[in-house]
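K.L.:
Each chain, letter by letter, is given below.
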Amino acid sequence: MGGVVTRRGLAIALPPPPRPLGAYTPTVQVGPLLFVSGMLPLRAGKPAIVGTIGKSLDAEAARDAVRLAVLNGLSAASAHTGTLDAIRRVVRFAVSLRSTPEFTNHASVADSGSELLTAVFGPEMPHTRLVYGVRSLPGGMPVEVELIFELEEK
Amino acid sequence: MGGVVTRRGLAIALPPPPRPLGAYTPTVQVGPLLFVSGMLPLRAGKPAIVGTIGKSLDAEAARDAVRLAVLNGLSAASAHTGTLDAIRRVVRFAVSLRSTPEFTNHASVADSGSELLTAVFGPEMPHTRLVYGVRSLPGGMPVEVELIFELEEK
Amino acid sequence: MGGVVTRRGLAIALPPPPRPLGAYTPTVQVGPLLFVSGMLPLRAGKPAIVGTIGKSLDAEAARDAVRLAVLNGLSAASAHTGTLDAIRRVVRFAVSLRSTPEFTNHASVADSGSELLTAVFGPEMPHTRLVYGVRSLPGGMPVEVELIFELEEK
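Chains as they are written, first to last, in the working numbering: chain A, 1 to 154; chain B, 1 to 154; chain C, 1 to 154.
Derived from the structure by calculation, the hints contain no laboratory data.
The beta carbon of each residue, even a glycine, is placed where N, CA and C say it ideally should be.
It is possible that some hints are incorrect.
Reference listing, derived: stretches of chain B covered by chain A, where coverage requires no fewer than 3 residues with Cβ under 8 Å from a Cβ of chain A [as the list claims (entries may be wrong)]:
(1) 105-111
(2) 139-153
Straight-line Cα separation of at most 20 Å, DMTMM-like style, residue types lysine to aspartate or glutamate; simulated pairs [stated by the list, open to error]:
(3) K46(A) - D64(A)
(4) K154(C) - D85(C)
(5) K46(A) - D64(C)
(6) K55(C) - E102(C)
(7) K55(A) - D85(A)
(8) K55(B) - E102(B)
(9) K154(A) - D85(A)
(10) K154(B) - D85(B)
(11) K55(B) - E102(A)
(12) K46(C) - D64(C)
(13) K55(C) - E102(B)
(14) K46(B) - E102(A)
(15) K46(C) - E102(B)
(16) K46(B) - D64(B)
(17) K55(A) - E102(C)
In silico negatives: residues of chain B with every beta carbon more than 10 Å from chain C [to be verified]:
(18) I12
(19) G82
(20) V91
(21) P101
(22) G122
The whole structure should be built from the sequences, with the hints applied where relevant.
P.N.:
Written as structure tokens, this is what we have:
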């Protein structure tokens, strides 16, 4: 997958599905639930952005990183189903931010991902969310996101 | 919802369901599973408690914060189903504690939430749990909890 | 359970299922999904290893700790089902590492668990994974893992 896909009349430019960083797989489906591995702000297999939010990175850079990680997750999911139209909604969107201990503005950073997901799946299909600040992330990247999708019935 | 509800003959005073802090929704149901967004120790939409466990807050204050966050989660879930009696059990209870690096007493803090859930759903319906210490949380609050419920069949 | 079990012709020495550290249960099943509580590198109910990865512990010690936590999770799951053969696969493998802020080699540490799970369930049944660095863990232990399994249909 990857390339420009459409959903709800919206054209979305998806990156190629990211390759796992270790001995695991991007997606596993159980019934209507599609579990997706932790997604990072990788571009062409390399960290597109590194740093700590509140120290070397500001909230706007973190918002960009969340969007890229979410796009990687959408690409992984659509590589599984063959098309974004086979996905009904996001069930759960979890966001880990590599931040300073003093950082408090998690909601604003995570909203960049939520707004993208709302554009793709529609406001009538909202998702649950949780966001917290972690101490370290793979490769020094500032965000990692986890997505659980509900697929359309066949 | 909110107000006093009963379950198993127990009267439980629930706060009003909390409003999301961003572009997401409190609950999404897939089959019998009800996913609930990350719940914080908010009261009337404002942090009821802020700080870092092991530094500005002790374990007892953290236990209070976990209880409040769990009550918010119960309120969100019962706003979804209309009644607590439609909920069979908690499947998964995840607790993030904003702590110092040296903090080790996670089990005692998380137990305040587990004890509340056991009072509500009964010892014959125990839940799985995980707890870890994070570096930062939204608004500087000391705890965030995540609940996945199993609903009764209709 | 515990003791030597076999799966796919492989003999696996499982520790006895760990006792919960608080008011919760090791496993809850909903349909084909088996949720397992956070698993730690406990041996006979006591921390087998403590410390911070990147400071008092190196990556190899962390890899050992992940393997032990995963074995505890397999033991808990097989205590639920009665046999490892009733488990089809791991759906989701989440790894929390107690690390320094500068730690970046999460993938290598988590791979020790992924490689063990791949040996048990086979390369044709891979799992999704996420790994991040937390600030503190129960009892000062360096890793905590969470496993969601898919069970075989009866």
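K.L.:
Honestly, which of those hints from before does the structure not fit?
P.N.:
Numbers 1, 5, 7, 20, 21, in rising order.
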